[in-house]
Every structure is written in C-alpha cells, then in structure tokens.
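> Heads up: the protein sequence lines correspond to chains U and Y, in order.
For the record, in the first sequence the residue sitting at position 120 is 120 according to our numbering, with numbers rising by one throughout.
For the record, in the second sequence the residue sitting at position 717 is 717 according to our numbering, with numbers rising by one throughout.
Treat the hints as calculated values from the structure; they're not laboratory data.
Warning: the hint list may mix true and false statements.
To be verified - Here are a few chain U residues that sit away from chain Y, every Cβ distance over 10 Å (derived from the structure): (1) THR5; (2) GLU40; (3) GLU44; (4) GLU46; (5) LEU53; (6) VAL64; (7) GLU96; (8) ASN135; (9) GLU143.
Said to hold, decoys possible - Straight line, CA to CA, 27 Å or less: simulated DSS-like cross-link-like pairs of lysine-lysine: (10) Y:LYS173 with Y:LYS73; (11) Y:LYS54 with Y:LYS685; (12) Y:LYS28 with U:LYS83; (13) U:LYS92 with Y:LYS28; (14) Y:LYS222 with Y:LYS262; (15) Y:LYS73 with Y:LYS28.
The beta carbon of each residue, even a glycine, is placed where N, CA and C say it ideally should be.
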Amino acid sequence: MNTITRTWNVNEEERTVTFGGLHRLLDVLREDLGLTGVKEGCGEGECGACTVLINGDPVTSCIVSAVQVPEGAEILTVEGLEKLELGRRIQKAYMEKGSVQCGFCTPGMLMSSYALLSRNSRPTEQEIREAHAGNLCRCTGYEKIVDAVRAVADELEQGTRSTV
Amino acid sequence: MTQQSDGSFRIIGRSLTRSDAEDKVRGKAQYLDDLTMPGVWYADVVRAPVPCGKLLGLHFDESFDWTQVVTVKPEDIPGENIVDMTGLDMPFLAYDRIQYQGEPLALIAAPSKALAREAVNHVRAEVEELPAIQSIQEMVERHKTGLADSLRLLEKKEIRRGDAEGVLAGAGKVLEGEYWTGFQEQLYIEPQGMAAEPMESGGVYIRGSIQCPYYVAPELMKVLNLPLEKIRVEQTVTGGAFGGKEEFPTLPGGYCALLALKAGRPVKMVYDRHEDILFTTKRHPSWTRYRTALAEDGRIAAMEVDMILDGGAYTTISPVVLYRGILHAALGYRCENVTVRGFVYASNSFPCGAFRGFGAPQAYWGLESHVEDLAEQAGLGPDEFRLKNCLQEGDITPTGQHLLTSVGTPAVLKEALRRSDFHAKLARCDQGRPGAKSWYGIGVSFFAHGAGFTGDGEAKFGSRAAMELGRLSDGRPGLTLYASSTEMGQGAKTVLAQMAAEGAGLPFDRVFYPLPDTRVVPDSGPTVASRTTMVVGNILYHAGHKMKCLLEEAAAKHCFGGASVRLEGGRFFAEGVEARPFEEVAEVLLAQGEPLRTEHQFALPPHIRWDQERFVGDAYPAYSWACNVAEVEVDPLTLQIHLRKITAVYDVGRIINPTLAIGQLQGGLVQTIGYALMETMQVRKGLYDANRLQTYIIPTALDVPEMDLQFLEYSCDELAPGAKGLGEITMNGLAPAIGNAVRRATGCRLCAIPMRPEDLYATLYQGAKD
C-alpha cells in the first residue's frame with residue numbers, strides 16, 4: 001500500500017505521521033495521533049462532530065482525505081484549545097452556560113465557535129447560528145451553545161474597551 | 001427563568017456546573033470508541049435480505065478463508081436462541097422465519113472492520129420471500145375492516161371508566177377525529193457501540209453506550225447460558241440516548257459477547273450512522289381515533305379512544321409503550337365516561353422501541369388536536385375550553401386516580417396563556433386569508449406526563465442505591481455513590497450528586513457519581529420513564545441523610561469525645577468547641593478503617609394502589625403538567641411552516657439544577673420541532689427510506705425559534721426533595737400546539753405529523769376537507 005509521510009503543526013506541536021494513501025484525516029488524528037477528542041458521528045460530513053481547523057478553517061475531518069492536508073499545515077483540534085487564550089475562554093463559557101450535555105457534539109461545536117470568534121469577535125445572533133449550523137446537537141436545542149458564544153463575544157468586547 | 005427555590009436547601013436549586021463538563025470540553029471524556037482495547041476484533045452482522053420470509057439456508061462462500069475470522073451461527077449459541085425482553089418471541093439469530101429486513105442471521109468477528117465486512121459479503125442467505133406488512137396505514141385498514149386476525153397482535157389493553165359507549169350511542173352529535181404519527185429516530189450523536197471480553201474467572205465483561213446496565217445483563221443470561229454474576233456490564237461515557245439505548249444495546253452487547261466468548265478475545269461493534277439508522281429502534285408510528293360527545297354546557301360527556309401502535313417485527317418493550325400511550329390518551333380533561341382501547345400489531349420492520357415520551361407524544365398528538373375541534377363545537381376558544389375542562393387538584397383521571405398533591409394545573413395553562421398573550425393573538429390569526437403575504441397562527445396544547453414506572457411498579461421493583469465514605473480522585477475524603485442510573489447527557493451525574501450532598505450535609509464537590517458497573521452498584525432501576533430524579537434522587541437523598549447520621553455518630557465517638565455532633569454545610573458542630581471541617585474529621589474516620597456505608601430502598605407512598613389487570617387505580621406516583629403555545633407563520637406560496645415562537649410553562653416539581661432543567665426543556669422542545677415538522681421516514685422495500693443524515697433531517701441551530709420558558713414548582717412533597725419527571729414531558733405537547741397554530745394560520749387541520757409543505761398542499765388543494 002502507498003504510504004505518505006507528512007509533518008503538520010498539530011495543536012501547536014510539530015507532528016510527523018505516516019499513513020496509508022486513502023486514510024481519512026479523522027482516522028489519522030484519532031488512531032495515529034491519539035486525538036480521540038475528535039468524534040465520528042456520521043462519516044459523511046453532515047453532523048460536524050469531527051470538525052477540526054486546518055489553517056483556521058473549519059473542516060469535517062471525516063470527509064477530508066489526510067493526503068489532502070498539505071505539509072506544514074496547522075491543525076487545531078479540541079485538545080489544542082486549552083493552549084490558546086480564546087480557546088480557554090470558550091471552554092469556560094461552555095461549562096458555565098450549560099452548553100454541554102452528552103458532550104459528543106461538543107468537540108466539533110467548540111471548533112466552530114473558535115473559528116467564528118477568532119475572525120469575528122462581535123458576531124450577530126444570526127452569524128452565531130450560521131457558524132454552528134453544520135454541527136448537529138440532539139441534546140441542548142442549541143440555545144445554551146449560542147449563549148456561551150455570545151458571552152465570550154461580550155467578554156471580548158469589554159476586554160477591547162477596557163484596554164482602549 | 002425559574003421560581004425562587006426553597007431557601008432551606010443549600011445545594012438543591014442551584015445551577016452548579018455539571019461535574020462532567022470539564023472532561024467533555026477538553027476532549028478527555030472517553031466514549032466507547034475512544035478506549036484502548038489491545039487485541040480487539042471487530043464485530044459485523046450477516047443480515048436478512050428480505051422483510052418477511054422463510055430462511056432456507058445460509059451459504060458460506062468456500063472461496064473465502066474462514067480461518068481468518070470467527071463466526072457465530074444459531075447452532076453456536078451456548079444457551080437459548082432468544083432475546084429475553086417483555087416478550088419472548090424474538091430469536092437472537094433468526095433461523096427459520098425472517099420477520100424484518102436486516103434481521104441478524106449470523107455474526108462475524110475479524111481483526112479489522114474491513115475484513116469483517118468482507119466476510120459478511122461472502123455469506124448468502126437463501127430465502128423464500130413472503131408478503132410483508134410495511135405500514136401502519138395497512139394495519140389500521142385491516143383493523144377497521146375486521147381483518148385484524150390477519151395481523152400479529154403483540155398486545156392489547158383497555159381502560160374503562162363509566163359508560164362511554166352508552167353515552168355516545170345516545171348523544172345527538174359525536175365528534176370524531178383520526179390522527180397519525182410517523183417513525184422518529186432518536187439520533188443520539190454518538191452511534192451505538194458495545195464491546196465485550198471474556199473474563200478470566202469465566203463469564204463476560206460487557207461495556208458500552210447504554211442507559212440500563214441491569215437490562216443488558218439479565219436479558220443475555222438465556223442466550224449466553226451464564227448466571228447473572230458472570231455477566232458484568234459497565235456503562236461507558238454515553239453520547240446521548242433518548243430511549244435509543246434503553247433496550248436496544250442488549251443486541252449489540254450480545255453480538256459482541258457471543259463472539260468474544262468464542263474468539264477468546266475482546267470484540268467491539270460501533271455502528272456507522274447508516275447502519276445505526278437502518279438497524280436500531282424507532283419511535284412507534286401511531287394511529288388514534290377519538291369519538292367524543294359534549295354536554296350542552298360545554299363539558300365533555302364521553303370520550304372513546306382507539307390507539308394502534310406499529311410495533312415492528314417483535315414484541316420487545318412495545319406493551320409498556322402501549323400502556324403509557326393509553327394512560328395519556330385521555331389524560332387532561334374531566335370526563336366521567338372514558339374508554340381507551342390500545343393495540344400493538346407487528347409489522348415487518350425493525351422492532352420499534354423506547355423514545356423519550358414513550359407513547360405519550362403519540363397520544364397527545366391525537367388528544368390535543370381533537371380538543372381543538374371540541375372547543376369549536378362548544379363555541380368556545382381553545383383557551384377557554386381547556387380552562388373550563390382541564391383536570392385540577394381533586395379531579396379524577398380515566399383510571400380513577402384522585403389528583404391530590406403537586407397538581408400544577410390550571411396554573412401552567414393560565415401562565416402560558418398569559419405570557420403568550422394568547423387570547424389577543426387568537427383574534428389575529430389569518431385562517432388562510434386570501435391575499436395575505438403570510439398567514440399567522442397561534443396554537444395551544446395542555447398535557448401531562450406520569451413520572452416513574454406505571455402504577456405500583458416502583459413499589460414492586462424496590463430500587464436501591466448506596467454510598468460510601470472513601471477517597472475521591474483528588475485524594476481527599478468524600479462520598480462515592482453507587483446506583484445503576486446512567487448519565488447520558490441529561491445531567492443525572494450532577495443532579496443525583498446534588499441530592500446526595502444535600503442529604504448528607506456535605507459540599508457538592510465531596511460527592512462523586514461514577515459510571516455504573518453491575519459488579520459494584522445495586523440495581524436502582526433503568527434510566528427511563530422520567531424516574532431518575534424523582535425516584536433515584538429520592539433514594540440518594542435519604543441514603544445521604546443516613547450517611548449524615550452515621551458520620552455524626554462516628555465523629556462524636558472519635559473526634560468530639562462523645563459530645564452530640566451536627567454535620568451541616570460540610571462542617572461538624574458540637575456545643576462549646578470550635579466547628580471542624582468535614583475533611584479533617586473524615587481523615588480521622590478513614591484512619592479507623594471501619595467502612596462507613598449507607599444504603600436506601602425506595603418506598604412508594606402507601607396510598608398508591610394499582611390493578612395492573614384492569615388498569616384501574618393510581619397509574620403513576622406523580623404527574624408533571626405543562627402547557628405549550630406555538631406561533632407560526634405560513635408562506636401562502638411555498639406553504640413552508642415557520643415556527644416563530646414557543647411559550648412553554650412546566651410544573652415538574654422541585655427544580656434541582658435550574659440550568660440543567662432548562663437545558664433539558666430546550667433540547668426536548670427542539671427534538672419535537674423535528675418530530676412535528678421535519679423528521680420523515682417510511683419503510684420502503686423493507687428498509688427505512690431516510691437512512692443517512694443527508695436524508696433524515698433534524699433541526700439545526702437555525703431552526704430554533706424564540707423560546708419563552710418557565711417552570712412553576714409544585715413540589716412533590718411525598719417524595720423528598722420533591723422533583724417529578726422532566727425528561728420526557730418536554731416532547732409530549734409541542735407537535736399539537738404547532739398543528740393547532742397551523743390550523744389557525746391556514747384554516748386547515750393536518751391530521752398527521754410530520755407536517756411538511758407538501759402535506760399542507762395536499763390537504764389545502766386536493767379536496768381533503770378540514
């Protein structure tokens with residue numbers, strides 16, 4: 001079988017991985033890199049549980065072939081969030097606002113929140129909902145997830161004001 | 001959003017952060033598929049190719065190297081080839097008759113998923129196909145035309161109060177309506193997954209994503225030919241369930257156990273989503289017919305209900321779903337003459353099973369749609385009719401139960417109508433007004449949910465739970481709780497610990513609720529029936545109180561020189577000396593080496609009486625009550641139904657954790673938006689036609705309307721600390737509230753859910769009348 005070797009920046013660390021040519025990014029993350037925080041919910045890019053960021057863009061890693069991820073790419077998964085200030089804030093808001101129930105959609109949901117807030121610190125309600133529309137949650141009804149994202153956005157805005 | 005809690009509690013009534021939230025936001029929570037299992041093999045299933053038929057033979061392709069895999073055929077089953085649920089009609093592996101497409105015929109384990117699948121593809125089932133029943137419409141047609149004998153009846157039951165038939169026969173006008181509901185997939189985001197491995201001591205250790213560890217173990221005794229103590233079952237972190245992991249996991253748990261015992265190694269099976277939708281349980285499709293006579297003063301004189309559920313291929317737990325269905329089908333309004341007849345017939349599709357609400361959402365789709373027509377007949381508004389007739393404290397239910405305590409009606413109804421400004425908005429409904437750009441409508445529903453097992457089931461079951469003083473994972477002293485209730489997202493781990501901590505007089509962070517393991521936890525019952533907070537919470541609250549007494553006694557002896565000691569808020573108090581913190585005292589007690597453990601068994605209030613044969617008496621120990629108001633706008637051109645606002649008021653007894661309670665309510669309501677408006681599947685050529693997330697559409701963050709939610713706390717004082725059921729009642733009533741709103745918007749009653757634009761079109765324009 002053809003194998004491919006790639007070096008990526010995964011959660012702020014250089015990681016070199018060798019994988020079969022047809023492997024999904026999801027499998028390489030979970031099985032080769034041990035990042036089991038990345039979840040498989042549907043295997044066809046519909047539920048968003050496997051969402052990770054590649055160079056800041058959210059992708060569903062179950063429908064990305066690992067070979068498509070270029071050498072040197074920056075990959076961020078749920079495990080890397082706590083290394084980042086914004087990531088920690090979002091995690092804390094999810095805990096405090098009750099945005100987590102069964103937790104299976106949470107890793108993907110958090111990545112969509114991070115992708116949104118890292119680019120738009122003052123999203124409207126509609127923008128928040130649109131940014132998470134690719135992540136299915138069957139437990140929460142989404143309200144407390146939207147609440148958490150709004151709370152972080154408010155916090156960011158106040159932070160900006162206080163430093164001005 | 002909730003009313004003020006009782007000030008006498010320290011921990012109950014507070015929105016404490018879930019104890020599992022941190023692991024989950026850090027990606028550290030280990031679900032079944034995240035666990036490392038050295039040497040694990042993967043299970044797959046050879047499935048029946050037709051929905052109904054006779055199995056003539058299974059052919060294993062000789063060109064395939066079968067030594068690479070392990071197979072289990074019916075003749076390899078060590079015990080009886082049977083799934084031991086409510087009914088005993090389902091074989092573990094079909095060997096003669098095939099009753100649904102996808103029915104397991106043989107099991108295969110292999111070192112990789114791909115090889116297991118390849119092996120499955122090298123097995124051919126030779127079958128003689130027979131005619132299949134594949135829709136509830138077909139079932140109802142036969143039932144109505146006297147051909148019911150041609151169907152397999154799985155269960156029937158009747159409720160009878162007064163003489164409904166007599167009153168209806170003499171009534172001037174009888175209002176009649178028929179209502180239909182479809183399949184619904186639970187769609188937990190973590191797919192089904194189980195694993196099993198042989199134990200050195202003999203027997204098998206089964207783990208997985210489950211609601212009820214004590215269902216899996218006894219249900220597998222017959223097939224595995226093992227005594228209960230040789231089947232250890234442990235829950236792994238569970239990514240949602242909603243009933244879908246209630247009885248079903250016995251199947252994949254058994255597949256893995258049979259293969260693991262034969263292969264002598266661990267075997268796991270994690271369903272992919274396609275397989276999970278095709279070959280797991282769904283909510284029962286239903287048909288209800290109401291025939292009602294009104295008295296001249298606008299009261300209900302008599303009501304007769306027939307209910308049919310499509311049970312799928314085998315009995316499984318359908319009788320219990322039917323009981324809950326008929327117990328709720330006429331539960332809402334005063335009426336002295338009520339007959340409810342319920343039937344479950346078999347079809348040739350995957351057995352239907354548990355789903356949040358458990359028959360009650362089907363019942364209320366019928367009742368609350370029908371009541372809308374009754375109101376009109378009585379010349380009253382839908383709000384006025386409900387206020388006039390709704391059950392209240394002191395009233396009697398169809399089974400003859402006097403509603404005496406914790407009855408949050410008519411309060412929930414009044415509050416929801418007030419908050420939504422219902423009466424004023426009713427006048428603005430468009431009723432399909434020609435020329436309008438958008439049709440506005442508002443609708444209401446009023447409903448209940450019985451909490452706990454039916455009747456005296458809880459008394460007979462006698463759930464137990466325990467706790468013990470020891471060290472928690474942080475190395476500091478604390479209580480570990482032992483109960484079989486499962487955390488599946490709903491917050492049981494947190495809420496049960498809150499109630500135990502309250503009882504024990506300890507801080508929340510000194511109480512730990514682990515994942516249940518049948519090797520160590522007593523049977524506190526399944527995590528079903530909106531019973532966990534009310535029943536198991538009650539047990540742990542009392543066991544906590546016993547622990548408080550035990551700790552006080554031991555502290556008095558070992559730390560306070562025999563003085564009288566009081567434990568409160570994590571500190572020990574005695575007269576004349578300084579209070580000492582729990583942890584300091586607990587260290588001394590732990591050093592004594594004597595186990596400090598308390599246990600408690602649930603007791604129903606003694607006045608609860610139930611006749612399971614006749615279905616007479618106190619059907620449930622307590623009821624939750626609620627009112628939903630839905631506001632919609634319908635596009636006259638596309639007939640798209642836009643749900644704009646939900647107002648919901650609930651009495652679920654005392655609220656233990658307000659944030660978690662609201663989260664349950666929001667989640668349940670949004671799941672019901674899917675049930676009412678989106679989620680569609682039918683059986684076509686033996687299989688569900690919507691079998692992927694591309695075709696089975698559930699609500700996203702963009703489908704959620706404005707929600708105004710309120711709890712009214714009518715504490716259930718007989719069952720301290722007073723919680724009633726919350727999980728399921730969230731799904732009981734939103735669909736008819738939306739249906740009633742659509743009727744006011746368009747002038748057109750839809751009798752079936754889901755309500756899609758094409759259904760509205762068919763009813764509006766193709767001759768069907770309101």
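> If you draw a straight line from the CA of Y:LYS54 to the CA of Y:LYS685, is it 27 Å or shorter?
At roughly 17 Å apart (the allowed maximum being 27 Å), Y:LYS685 and Y:LYS54 satisfy the hint.
> Grab the minimum beta-carbon distance between U:THR5 and chain Y and tell me whether it stays above 10 Å.
holds, 22 Å
> Given the hinted pair Y:LYS28 and U:LYS83, is their Cα-Cα distance within 27 Å?
Measuring from Cα to Cα gives roughly 15 Å; hence the hint holds.
> Beyond 10 Å from every chain Y Cβ: check whether that's true for U:GLU143.
violated, 5 Å
> Please work out if Y:LYS173 and Y:LYS73 have their alpha carbons no farther apart than 27 Å.
violated, 60 Å
> Classify the label on U:GLU96 as holds or violated, using whether its beta-carbon is more than 10 Å from each beta-carbon of chain Y.
Label violated. Min Cβ-Cβ 6 Å, cutoff 10 Å.
> Minimum C-beta separation from U:GLU44 to chain Y exceeding 10 Å: can you confirm that?
violated, 6 Å
> Keeping to a limit of 27 Å between CA atoms, is the pair of U:LYS92 and Y:LYS28 held or broken?
holds, 15 Å
> Determine whether the non-interface label on U:VAL64 survives the test: each CB of chain Y must be over 10 Å from its CB.
holds, 17 Å
> Minimum Cβ separation between U:GLU46 and chain Y greater than 10 Å?
Contrary to the label, U:GLU46 does not stay out of reach of chain Y, its closest Cβ about 4 Å off (not over 10 Å).
> Could you check that no beta carbon of chain Y comes within 10 Å of the beta carbon of U:LEU53?
holds, 14 Å
> Does the claim that U:ASN135 lies outside the interface with chain Y hold up, using a Cβ gap greater than 10 Å?
violated, 8 Å
Comparing the model with each numbered hint stated earlier shows that hints 2, 3, 4, 7, 8, 9, 10, 15 do not hold.
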